[in-house]
Amino acid sequence: MGEALNKIIKACFEGFFGTMIAGWLFYTLQSIRKNRRMFIWLWLILFAMASWRFFIHNFYSPRYAAIFLFPAILLTAYMMVKFRKWWWVLIIVMGIICCCKILRQDASGRLLINAADIIRKNSANKKHPLSIVNYKDKLRMEFYSAVQVLPFNESKEFSEKIRALSKIIANHANYSDAIYICCEMPHDSKITGENLNLNGDFKLIYSALSSRKKKIYFNVYRYYRKGKISSPAVPEGKNLIANGGFEESSLFNKELLQILSKRRHKFFTDKTQYPVSWSINPRDCNIQTEIEVSAVDPLSGKKSLRLQSTDICEVYSNFFTINDKAEFYCRIRGKENSLASIILLNYEQIRNCRPVSIPVLPVKILQDDQIMELSFLFDPAEYGVTGKYFRLQFNVDNGEVFFDDVTVVNKK
Amino acid sequence: MKKFTEKVWETVKKVVIDFALTFFSVFDWRNDGFSCAEKNENKALYRWLLFAAIVSGAFLRIFIFYREPQLGRDAIYYLNMSEIWSKNSFAYLLEYKRGFYIPPVMLGFIQFFIRLGCSPLTAGVILNLLAGTLMIPIFYLIGKYLFDSRKAGATAAFLASFNPVLVDYSANIMRENFMLLFMALALLFIILGFRKKDICFTLGGFFTAWAFMSRYEALEILPLMLLTFAFFAICRIFPWKKLFIDGIWFLAGIIIGVVFIMLIFGVPIEFLTEPFYAKIDGTLL
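In the order they appear, the protein sequences are chains V and D.
Counting from 1, position 127 in the first sequence corresponds to residue 127 in my numbering; the numbering is continuous, with no gaps.
Every position in the second sequence, counted from 1, becomes a number in my numbering once 412 is added.
In short, the hints are calculated from the structure, not lab data.
Using N, Cα and C, we set each Cβ at its ideal position, and we do this for glycine too.
Watch out, some of these pointers could steer you wrong.
[As the list claims (entries may be wrong)] Examples of chain V residues lying across from chain D (beta carbon under 10 Å, computed):
hint	residue
1	Phe13
2	Tyr64
3	Ala65
4	Cys98
5	Leu103
6	Arg110
7	Lys138
8	Gly200
9	Lys203
Kindly generate the complete structure, drawing on both the sequences and the hints.
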């Protein structure tokens with residue numbers, strides 16, 4: 001309730017909230033004195049507006065209480081007018097308070113624009129630059145920098161941030177000639193090339209205060225690799241993923257086709273090839289989603305898995321267990337600017353259990369039809385998951401991506 | 413020096429007493445309902461004040477946008493969606509994004525300007541600055557008709573022009589801005605409906621539809637209206653027959669508004685019906 005009240009106060013600005021309450025009380029006292037009933041209506045309305053926010057609806061942002069601006073402004077105006085010849089003094093005082101609030105410079109007011117400018121200028125002569133930013137800044141960085149952007153889950157923990165970034169950079173370094181890493185850091189901690197196990201030119205090119213209160217800085221690092229990094233090898237051992245090469249396929253079953261046609265999916269027909277041992281959830285697909293085992297220009301063998309969507313589409317592997325650590329490997333190819341991600345789902349039990357989702361590796365396709373080899377070492381203990389069972393999930397957020405040779409091997 | 417100190421002291425005393433008297437006179441109001449009516453209001457003065465509020469409000473909004481032009485992440489999403497809409501149709505947007513639920517009014521206006529040749533950013537920013545500035549005279553009219561006083565109207569206009577939250581909304585690309593603008597118009601016509609002609613309720617309903625087709629939170633007007641009508645009927649402030657007819661005018665306005673929006677922006681009926689059907693047959697988007 002306190003949190004909701006705080007958001008309501010913020011929604012109409014602290015100064016106006018105080019004067020709204022004063023205006024409300026003035027009106028109530030006057031009505032009681034004059035034996036009028038309209039104040040009951042005002043109480044009813046304000047209580048109705050506040051109560052469902054307090055007790056029913058858990059709202060996340062003060063913007064959901066924007067309707068309170070009406071009573072705030074009107075009751076403040078009412079109170080001020082009642083002061084007759086002093087009303088103009090009150091208006092001036094309120095005007096000054098508001099101006100002070102408005103004109104207080106926001107530390108992050110131009111932050112992303114400045115960072116994007118620097119990235120754009122710095123990458124002007126590069127063929128395939130890539131900037132890595134957290135999910136919340138992805139759209140803005142794309143909009144302002146016009147450089148391909150790969151979003152990642154930015155953790156507040158320094159070690160987790162380093163772990164996520166090193167996986168992403170190791171898997172993209174061979175395909176991009178300049179990587180820009182944007183992340184928020186406290187003043188006393190810095191990312192270095194050594195932290196990320198990088199061989200090449202790693203440099204801080206922009207740093208600005210993003211939060212005055214918490215003393216957090218928004219930093220942009222640039223990385224140029226030195227020479228070509230050797231491609232990862234397919235891990236040896238028993239592949240935990242059934243049909244990882246997508247060579248086995250069957251037709252979509254009638255039940256699934258019925259659900260998909262009910263939702264007006266255009267792509268799926270009784271001839272579409274379904275990857276055996278993998279599963280899809282029709283509710284996770286939008287109308288333009290395409291999922292199939294394709295024999296056209298496969299990455300290896302005779303067939304590959306093709307996912308295409310304008311929104312998130314997902315496929316899931318079979319369940320498997322990891323002894324201690326596991327090595328992951330797969331090949332992908334796609335259309336430029338496509339965005340995919342590799343997620344591991346952790347289950348306590350196979351049935352009736354909500355999984356813990358571990359977004360391990362986001363992938364950006366930087367060139368049309370370039371084959372990328374992805375690999376990483378997965379240690380469940382690093383992510384603090386306790387479930388025994390795992391599933392691999394491939395997401396395509398937008399674009400078209402082919403997957404093949406999916407291999408997960410227990411590391412001895 | 414002593415004389416001067418005495419004079420200053422006398423002036424301070426006079427000011428304090430005068431202020432205190434004004435303060436306590438608040439408890440001795442002679443008005444009716446919300447009325448703040450005063451005799452011999454200086455119409456010209458309040459019109460000038462309204463003009464000053466509009467100019468200063470517009471200037472403040474433009475200044476803030478130039479000082480902090482970085483848009484919110486939702487804003488960029490709206491611009492991207494408007495651009496896709498401008499090249500295709502709203503029906504395409506529903507297919508493009510899974511469970512696309514954003515009501516069409518703001519995106520519709522932006523895509524219209526994009527079709528006219530504006531860049532998405534220019535269209536979004538200009539429309540939001542315009543909506544934020546337009547709210548100032550509407551607050552003036554609400555204050556004027558609700559409190560029976562131009563002075564109250566001018567005060568409300570000034571407060572709307574300086575309110576930091578409203579300024580912040582206008583200097584960004586946000587649906588709240590459009591929702592508040594249409595809610596203000598709805599409130600104005602509802603007040604006029606009670607004060608002047610019943611037909612104004614239709615316009616109140618019409619703008620309520622625009623408000624909730626900008627952002628669904630504006631649907632809150634409906635239970636509040638129901639509560640108001642019930643209170644007025646129970647307390648016999650208005651005869652229930654009049655309230656019943658007014659309610660019908662209001663609902664008619666909402667229906668006209670929704671149909672009008674869907675027609676001018678080309679919103680397919682599935683946008684409203686699909687979430688319900690999807691919930692029924694278990695394939696919720």
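Just to be careful: measuring from the Cβ of Ala65(V) to every Cβ in chain D, is the smallest value less than 10 Å?
The hint holds - Ala65(V) has a Cβ within 10 Å of chain D, the shortest such distance being about 9 Å.
With 10 Å as the cut and Cβ atoms as the points, is Tyr64(V) at the interface with chain D?
6 Å, holds
Holds or violated: is there a CB of chain D closer than 10 Å to the CB of Phe13(V)?
Holds - the Cβ of Phe13(V) comes within 10 Å of chain D, reaching about 5 Å at its closest.
Evaluation of the interface hint that places Lys203(V) against chain D, nearest CB under 10 Å:
Constraint on Lys203(V) not satisfied, violated at 25 Å.
With chain D as the partner, please determine if Leu103(V) meets the hint condition of a C-beta pair closer than 10 Å.
8 Å, holds
Less than 10 Å between beta-carbons is the criterion; does Gly200(V) satisfy it with respect to chain D?
This hint is violated: Gly200(V) lies away from chain D, its Cβ roughly 31 Å from the closest one there, beyond 10 Å.
Under 10 Å, Cβ to Cβ, is where Arg110(V) needs to be relative to chain D, so tell me if that hint holds or is violated.
This hint holds: Arg110(V) lies near chain D, its Cβ roughly 6 Å from the closest one there, short of 10 Å.
The hint names Lys138(V) as touching chain D; please verify it with the least Cβ-Cβ distance against 10 Å.
Holds - the Cβ of Lys138(V) comes within 10 Å of chain D, reaching about 8 Å at its closest.
So, Cys98(V) near chain D? Judge it on the closest CB pair being under 10 Å.
4 Å, holds
Of the hints listed earlier, those the structure fails to meet are numbers 8 and 9, in rising order.
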